[in-house]
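Q: Chains as they are written, first to last, in my numbering: chain A, 466 to 918; chain B, 466 to 918.
Rather than coming from a laboratory, the hints here were simulated on the basis of the structure. Possibly wrong hints are sitting among the right ones.
One copy or two, either will do: identical chains are not told apart, so a pair holds if it fits within one copy or between any two.
[Said to hold, decoys possible] Calculated cross-link-like contacts (lysine to any residue; reagent style SDA-like; alpha-carbon spacing at most 25 Å):
no., residue 1, residue 2
1, K468, M513
2, K906, R861
3, K803, N559
4, K906, A491
5, K562, F475
6, K661, A704
7, K854, N559
8, K781, R861
9, K468, D695
10, K906, R487
11, K562, N914
12, K562, R861
13, K906, H839
14, K781, T492
15, K906, L563
Residues per chain, in single letters:
Protein chains: 2
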Amino acid sequence: MTKPTPLSGFPEFLPSQRVVEREVIATLSRTFELHGFGNIETRAVEPMDQLLRKGDTSKEVYVLRRLQEEADRDKGMGLHFDLTVPFARYVLENAGKLEFPFRRFQIQKVWRGERPQEGRFREFAQADIDIVGRDTLPFHHDVEVAWVMLEALGNLTFLPGFTLQVNNRKLIQGFYAGLGAPDVEETMRLIDKLDKMPAEQVGKLLVTEAGLSEEQAAKCLELATITATDDSFVDKVRALGVESELLDEGLTELATLINATAPLNTERVRVVADLSIARGLDYYTGTVFETRLDGYQSLGSICSGGRYDSLASDGKTTYPGVGISLGISRVLVPLISKGLLDGDRTVPSTVLVAVSDEESRGRADEAAQQLRAHNVACEVSPNAAKFGKQIRFAERRGIPYVLFATSQEDGGGGYEIKDIRTGDQVPVDPATWTPADEDMKPRVVVSTNEEKK
Amino acid sequence: MTKPTPLSGFPEFLPSQRVVEREVIATLSRTFELHGFGNIETRAVEPMDQLLRKGDTSKEVYVLRRLQEEADRDKGMGLHFDLTVPFARYVLENAGKLEFPFRRFQIQKVWRGERPQEGRFREFAQADIDIVGRDTLPFHHDVEVAWVMLEALGNLTFLPGFTLQVNNRKLIQGFYAGLGAPDVEETMRLIDKLDKMPAEQVGKLLVTEAGLSEEQAAKCLELATITATDDSFVDKVRALGVESELLDEGLTELATLINATAPLNTERVRVVADLSIARGLDYYTGTVFETRLDGYQSLGSICSGGRYDSLASDGKTTYPGVGISLGISRVLVPLISKGLLDGDRTVPSTVLVAVSDEESRGRADEAAQQLRAHNVACEVSPNAAKFGKQIRFAERRGIPYVLFATSQEDGGGGYEIKDIRTGDQVPVDPATWTPADEDMKPRVVVSTNEEKK
Numbered sequence: 466m467t468k469p470t471p472l473s474g475f476p477e478f479l480p481s482q483r484v485v486e487r488e489v490i491a492t493l494s495r496t497f498e499l500h501g502f503g504n505i506e507t508r509a510v511e512p513m514d515q516l517l518r519k520g521d522t523s524k525e526v527y528v529l530r531r532l533q534e535e536a537d538r539d540k541g542m543g544l545h546f547d548l549t550v551p552f553a554r555y556v557l558e559n560a561g562k563l564e565f566p567f568r569r570f571q572i573q574k575v576w577r578g579e580r581p582q583e584g585r586f587r588e589f590a591q592a593d594i595d596i597v598g599r600d601t602l603p604f605h606h607d608v609e610v611a612w613v614m615l616e617a618l619g620n621l622t623f624l625p626g627f628t629l630q631v632n633n634r635k636l637i638q639g640f641y642a643g644l645g646a647p648d649v650e651e652t653m654r655l656i657d658k659l660d661k662m663p664a665e666q667v668g669k670l671l672v673t674e675a676g677l678s679e680e681q682a683a684k685c686l687e688l689a690t691i692t693a694t695d696d697s698f699v700d701k702v703r704a705l706g707v708e709s710e711l712l713d714e715g716l717t718e719l720a721t722l723i724n725a726t727a728p729l730n731t732e733r734v735r736v737v738a739d740l741s742i743a744r745g746l747d748y749y750t751g752t753v754f755e756t757r758l759d760g761y762q763s764l765g766s767i768c769s770g771g772r773y774d775s776l777a778s779d780g781k782t783t784y785p786g787v788g789i790s791l792g793i794s795r796v797l798v799p800l801i802s803k804g805l806l807d808g809d810r811t812v813p814s815t816v817l818v819a820v821s822d823e824e825s826r827g828r829a830d831e832a833a834q835q836l837r838a839h840n841v842a843c844e845v846s847p848n849a850a851k852f853g854k855q856i857r858f859a860e861r862r863g864i865p866y867v868l869f870a871t872s873q874e875d876g877g878g879g880y881e882i883k884d885i886r887t888g889d890q891v892p893v894d895p896a897t898w899t900p901a902d903e904d905m906k907p908r909v910v911v912s913t914n915e916e917k918k
Numbered sequence: 466m467t468k469p470t471p472l473s474g475f476p477e478f479l480p481s482q483r484v485v486e487r488e489v490i491a492t493l494s495r496t497f498e499l500h501g502f503g504n505i506e507t508r509a510v511e512p513m514d515q516l517l518r519k520g521d522t523s524k525e526v527y528v529l530r531r532l533q534e535e536a537d538r539d540k541g542m543g544l545h546f547d548l549t550v551p552f553a554r555y556v557l558e559n560a561g562k563l564e565f566p567f568r569r570f571q572i573q574k575v576w577r578g579e580r581p582q583e584g585r586f587r588e589f590a591q592a593d594i595d596i597v598g599r600d601t602l603p604f605h606h607d608v609e610v611a612w613v614m615l616e617a618l619g620n621l622t623f624l625p626g627f628t629l630q631v632n633n634r635k636l637i638q639g640f641y642a643g644l645g646a647p648d649v650e651e652t653m654r655l656i657d658k659l660d661k662m663p664a665e666q667v668g669k670l671l672v673t674e675a676g677l678s679e680e681q682a683a684k685c686l687e688l689a690t691i692t693a694t695d696d697s698f699v700d701k702v703r704a705l706g707v708e709s710e711l712l713d714e715g716l717t718e719l720a721t722l723i724n725a726t727a728p729l730n731t732e733r734v735r736v737v738a739d740l741s742i743a744r745g746l747d748y749y750t751g752t753v754f755e756t757r758l759d760g761y762q763s764l765g766s767i768c769s770g771g772r773y774d775s776l777a778s779d780g781k782t783t784y785p786g787v788g789i790s791l792g793i794s795r796v797l798v799p800l801i802s803k804g805l806l807d808g809d810r811t812v813p814s815t816v817l818v819a820v821s822d823e824e825s826r827g828r829a830d831e832a833a834q835q836l837r838a839h840n841v842a843c844e845v846s847p848n849a850a851k852f853g854k855q856i857r858f859a860e861r862r863g864i865p866y867v868l869f870a871t872s873q874e875d876g877g878g879g880y881e882i883k884d885i886r887t888g889d890q891v892p893v894d895p896a897t898w899t900p901a902d903e904d905m906k907p908r909v910v911v912s913t914n915e916e917k918k
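All chains should be modelled from the sequences, with the hints used to inform the complete structure.
A: Have a look at this one:
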């Protein structure tokens, strides 16, 4: 086998880089669990008819085929391209065994059959939280989902800042309807293009494609310029002079959410009402979320979601849901591949236990077991090289300490430990020695110097 | 969408069942990390030519195809069917960036394009540990891999017992060669059938297919009956009167491994030299491992591996490796689906915070945040139903405590917490109240009554 080359769109991490991803996953999981979200995983495959329900993603599905199979036997299965379709299926399949409202988090890889191109992943990890009710789901769960994700992003202290942008479909659809727009859906679809197209051009399309008057189009564009970190957006919308019951409902919901989540605003993580957010073709019916990563606008929204009045339905019962999904790979791959985030070790070991000669390997193993017995991760040197070489072995892996036996000659013998960062060396008992808390496991280090890794 | 039905061979867990799987993964990860194994994940897909290197698994690969793609563009990719092929590729691809000996653990799902049938999984999780050297890898790493997996199995206290069966290819191949077997490989392949075929029948095949004399065949069968929990097997092999250098090497290695891992023997987890273990067609060159789960012999080996002199090679450099792979789904799915293992909650919440009326939801949210601030997982009641109903809401989820506000009228107000298992109710401050350690997170419960779930 010659040296293999990476497969475009299938990012993989080196061991120290994976430390970052594991820390992100652990922090997210801990936050979600503190809020009562249980974890599930769903199988990687779904029936093709389920994957194709949303017409426009059909081109991005990987279809499975068994290698030696009679033609088309497994034709009906493809890899999931998100965690929402599998979750909706899981809820229906297990509805009789689940307690509602059912809250869960799911952190898994998903696949999209994209053509290979820069920044497009064909395999990537995402973290979803959703709350699903049977028949009904009170609005306070919309607030809850926003709160939990904001808290999670806040806990990821080594990442750049985030802005969670919130809007409400009732607000904008009510506004367009109140304005007399002949095609509310099309109006919304065009407004959604504002992040890719100049406002002037969108304005023209609103007239030619959505059938609005120039004045109506101008009001729609004006609505989309409104942002606020508090409920002051309500007065700004009112000032546009449009009225409808649905608009009122949307304004109340959005103001409630913004006010309730305001305590989570920090310098790093912000929540804003942004009335340009529409979430295009997705089937949201109320709250909608998008999220921008500071300094990485070009990534687009890295954390999106919203309220579905019908996440799933079996004909008899409808399951409304609200959720939000963080693109873990989308955020981490650019930062890690630029060398801006990395782990400080390539191994979990806090200590390398040195071996002075192969005959004493057993003694080194015993010392290692004493360390492990009180949760100090360590490894024993693979060989009995010169002490300096064993130090360098530890250094190359980022292992901070080397433990070595002293006075082996006298039978019992003691141990000393060397902090190879400072050179400090002290006698210790491996059965009780404990490093500083921050040395117990690999840490994420943030670099400000970009360097292509 | 009508109610979907499970897809045969793609097991999925309910939230409380997933608690068991998460606990297994956490315990394995903790043990592996204490021994200096770093974690990696590899992409789900590999080039087909890599997946097909081992001829006999070719029929079990899932090939990927993009739905709307010009014919055959992605033809070259399939889902990995184990974690060894991807790991070997990862080592070669990143050899310049890895430190050797490189030790890693990997816990991921793998896929096999099996025909649906009882007990055959088409998607399943496994946990692999491997140590890989550049050019050379000392034998003590064989001992290490066995030690680490034995310790991990020992830590999974809620599982049935395990027997790790160890043999050595050098021992059996040296024995067959020393005996004058004309086809050592074929002899080994037939001996490997002993767990599926009576010894008498294997003996006949050894004569007809491997070209052994009846006496030689009898000795091979006799060798395969030898088992021992200590190095007493060495004398038993010697007594068969066969001599070869390779046999000596194998005997020494196996005796070393059995003696070194003996301290890990407990009533639940045992390591034995079992000279019938051959591992069939796999490319092992020394130590080989298989593992039986007590009471589940029909599962076959649930944890297998061994030593490869060449895990990977790029033509210039060879990477020897030794590893072992635990079939997580293979062990857990039967136990969980029979109801023998489950989580004691369907949610991570230790506390349900009751809501007396919707106006006081904000106060309930605050109390919940106080609990979370010192790591007590909780959820707030989704509605302000009667108190008894809220208690039952907690009960159905296995949440042990309900917190509720007292005397809301007087502005500040206090809180009481009810242990709904005992009925005990005491005044508490949510900012400081902490449950017993064992109530902090969901636990795995072992049942002795089979009940199909």
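Q: All hints are to be evaluated individually against the structure, with a verdict given for each.
A: Hint by hint, here is what the structure shows:
{"no.": "1", "hint": "K468 with M513", "in the structure": "between (36 Å within a copy, 16 Å between copies)"}
{"no.": "2", "hint": "K906 with R861", "in the structure": "within (16 Å within a copy, 38 Å between copies)"}
{"no.": "3", "hint": "K803 with N559", "in the structure": "between (43 Å within a copy, 17 Å between copies)"}
{"no.": "4", "hint": "K906 with A491", "in the structure": "both (13 Å within a copy, 15 Å between copies)"}
{"no.": "5", "hint": "K562 with F475", "in the structure": "between (36 Å within a copy, 18 Å between copies)"}
{"no.": "6", "hint": "K661 with A704", "in the structure": "neither (27 Å within a copy, 82 Å between copies)"}
{"no.": "7", "hint": "K854 with N559", "in the structure": "between (58 Å within a copy, 23 Å between copies)"}
{"no.": "8", "hint": "K781 with R861", "in the structure": "between (62 Å within a copy, 24 Å between copies)"}
{"no.": "9", "hint": "K468 with D695", "in the structure": "neither (56 Å within a copy, 43 Å between copies)"}
{"no.": "10", "hint": "K906 with R487", "in the structure": "both (12 Å within a copy, 20 Å between copies)"}
{"no.": "11", "hint": "K562 with N914", "in the structure": "between (51 Å within a copy, 20 Å between copies)"}
{"no.": "12", "hint": "K562 with R861", "in the structure": "between (51 Å within a copy, 11 Å between copies)"}
{"no.": "13", "hint": "K906 with H839", "in the structure": "both (13 Å within a copy, 21 Å between copies)"}
{"no.": "14", "hint": "K781 with T492", "in the structure": "neither (38 Å within a copy, 42 Å between copies)"}
{"no.": "15", "hint": "K906 with L563", "in the structure": "between (37 Å within a copy, 19 Å between copies)"}
Checked against the numbered hints given earlier, the structure breaks hints 6, 9, 14 and satisfies all the rest.
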